[in-house]
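Make the full structure from the sequences, and use the hints.
Protein chains: 2
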Amino acid sequence: MKIQLSLDRVTIPEALQICHDAADAVDIIEVGTSMIKDFGNASIQAIRRAYPNKTILADSKTIDEGAYEFCSAYGAGADIVTVMGAASITTIAACREVANEQHKDYMIDLLEVSAEKMQLLRQFEDAIFCLHLPADKAGSGLEQMIQDNLQLLQGVSRLAVAGGISLDTIGLIAHSGFEIAVIGGAITKAGDRKLAAEQFRLATKG
Amino acid sequence: MKIQLSLDRVTIPEALQICHDAADAVDIIEVGTSMIKDFGNASIQAIRRAYPNKTILADSKTIDEGAYEFCSAYGAGADIVTVMGAASITTIAACREVANEQHKDYMIDLLEVSAEKMQLLRQFEDAIFCLHLPADKAGSGLEQMIQDNLQLLQGVSRLAVAGGISLDTIGLIAHSGFEIAVIGGAITKAGDRKLAAEQFRLATKG
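The listed protein sequences derive, respectively, from chains A and B. Numbering-wise (this note's numbering), the first sequence opens with residue 1 and increments by one. Numbering-wise (this note's numbering), the second sequence opens with residue 1 and increments by one.
Honestly, the hints are just simulated from the structure, not real lab data. C-beta: ideal position from N, C-alpha, C; glycine also. Possibly wrong hints are sitting among the right ones.
[To be verified] Label-pair distances were calculated between CB atoms; the ranges are:
#	chain 1	residue 1	chain 2	residue 2	range
1	A	Gln154	B	Leu195	56 to 66 angstroms
2	B	Gly191	A	Met118	42 to 52 angstroms
3	B	Ala50	A	Asp148	47 to 57 angstroms
[Said to hold, decoys possible] Covered stretches of chain A (in silico footprint by chain B; criterion: 3 or more residues with CB under 8 angstroms from a CB of chain B, positions within the stretch not fixed):
#	region
4	25 to 39
5	81 to 94
6	177 to 188
See the structure below:
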């Protein structure tokens, strides 16, 4: 399982410091929506310049103007860009078209997506689908929630999961068939970020 | 009826030139989602610096992290910030709380909002609701479509409308009870932007 480190609510210098501490132990660096809206493509470009060979995800959360926003984020250096599952099928299809043309990946964020809409989203077979777990469910109840969600997503080949994942829950996540686990505060707010990232890395190998 | 000039897919200098030509004839300057994602809050700050007394809307299209994104956009100089109707009620409530604390307006974008969700959104009585008309419906069929949508939105006090509005359709819009008409390319792509903006202004007074 890959670890995606999400950078949110920080300045570009703070983001670069977090990456300096933790990037070696993670597979994907996520430029969070808050960084994109605060600093624009400059936030993606800064991480790309510092990490030319790292996989970078731009959490654009596109919900309209799919082609424009995806071209812009890939152009700034992103390898993966996100579109909301709540967007229209036309918008998501426009995002897929740009992703396919540029031979890049795209992620569909399942926030606020109904079971009915999920059925329509199954046509995007090459997408990475990102499931959000309520952060407060960490621990008890999490296993059942993951199983319930995985049933809804049965047959989806590429799955990511986000939402308050900690060292207490990463083991369960790692054994549930996800391709990517998105980790934020558990690494970025840790006293020793390098150690925290390495502990997550170790847990995914367990 | 107020005219909102939307600035999209342009650089900050291009946006300032468009405003130089057309701002006098419009009521609200919209910093479009594409500008926010390309250039961040700097795009809002640049328009605010140039137009300290103009009403500025930041089309943040927030769908998560409502409090953070609204504080950030208002802090950059926006008077009105947008949240997606497709966001969770919790997220929209967080946006409203920040708007109310700062005595600012907020707009709920009805893109991809079902009739069922619209009923839930009625609790946000102080919001401006923004209806999107398919651009290709300009002319024939538009009047019927407006009536159908207004029925769905019956009782909503503050309404905006966007989507390919032209000089051919602004008259009908102006007589349909909307508070704000969002105009983009019909002004920004006009040969004479000042004249185009003044023609829209005149049409809303007709």
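How does the region 25 to 39 of chain A fare against chain B when you require at least three residues with a CB closer than 8 angstroms, holds or violated?
The restraint on the region 25 to 39 of chain A holds, since 6 of its residues have a Cβ under 8 angstroms from chain B and three suffice.
That 42 to 52 angstroms hint for glycine 191 (chain B) and methionine 118 (chain A) (C-beta), does it hold up?
For glycine 191 (chain B) and methionine 118 (chain A) the Cβ distance comes to about 47 angstroms; the hint holds.
Against chain B, does the region 81 to 94 of chain A show at least 3 residues with beta-carbon separation below 8 angstroms?
holds (count 4)
Holds or violated: the 56 to 66 angstroms window for the beta-carbon distance between glutamine 154 (chain A) and leucine 195 (chain B)?
58 angstroms, holds
State whether the coverage of the region 177 to 188 of chain A by chain B holds or is violated, taking the criterion as 3 or more residues with Cβ-Cβ distances under 8 angstroms.
Since 0 is below three, the answer is violated.
Does the beta carbon distance between alanine 50 (chain B) and aspartate 148 (chain A) stay inside 47 to 57 angstroms, or does it fall outside?
Between alanine 50 (chain B) and aspartate 148 (chain A), where Cβ atoms are some 52 angstroms apart, the hint holds.
When held up to the earlier numbered hints, the structure conflicts with hint 6 and nothing else.
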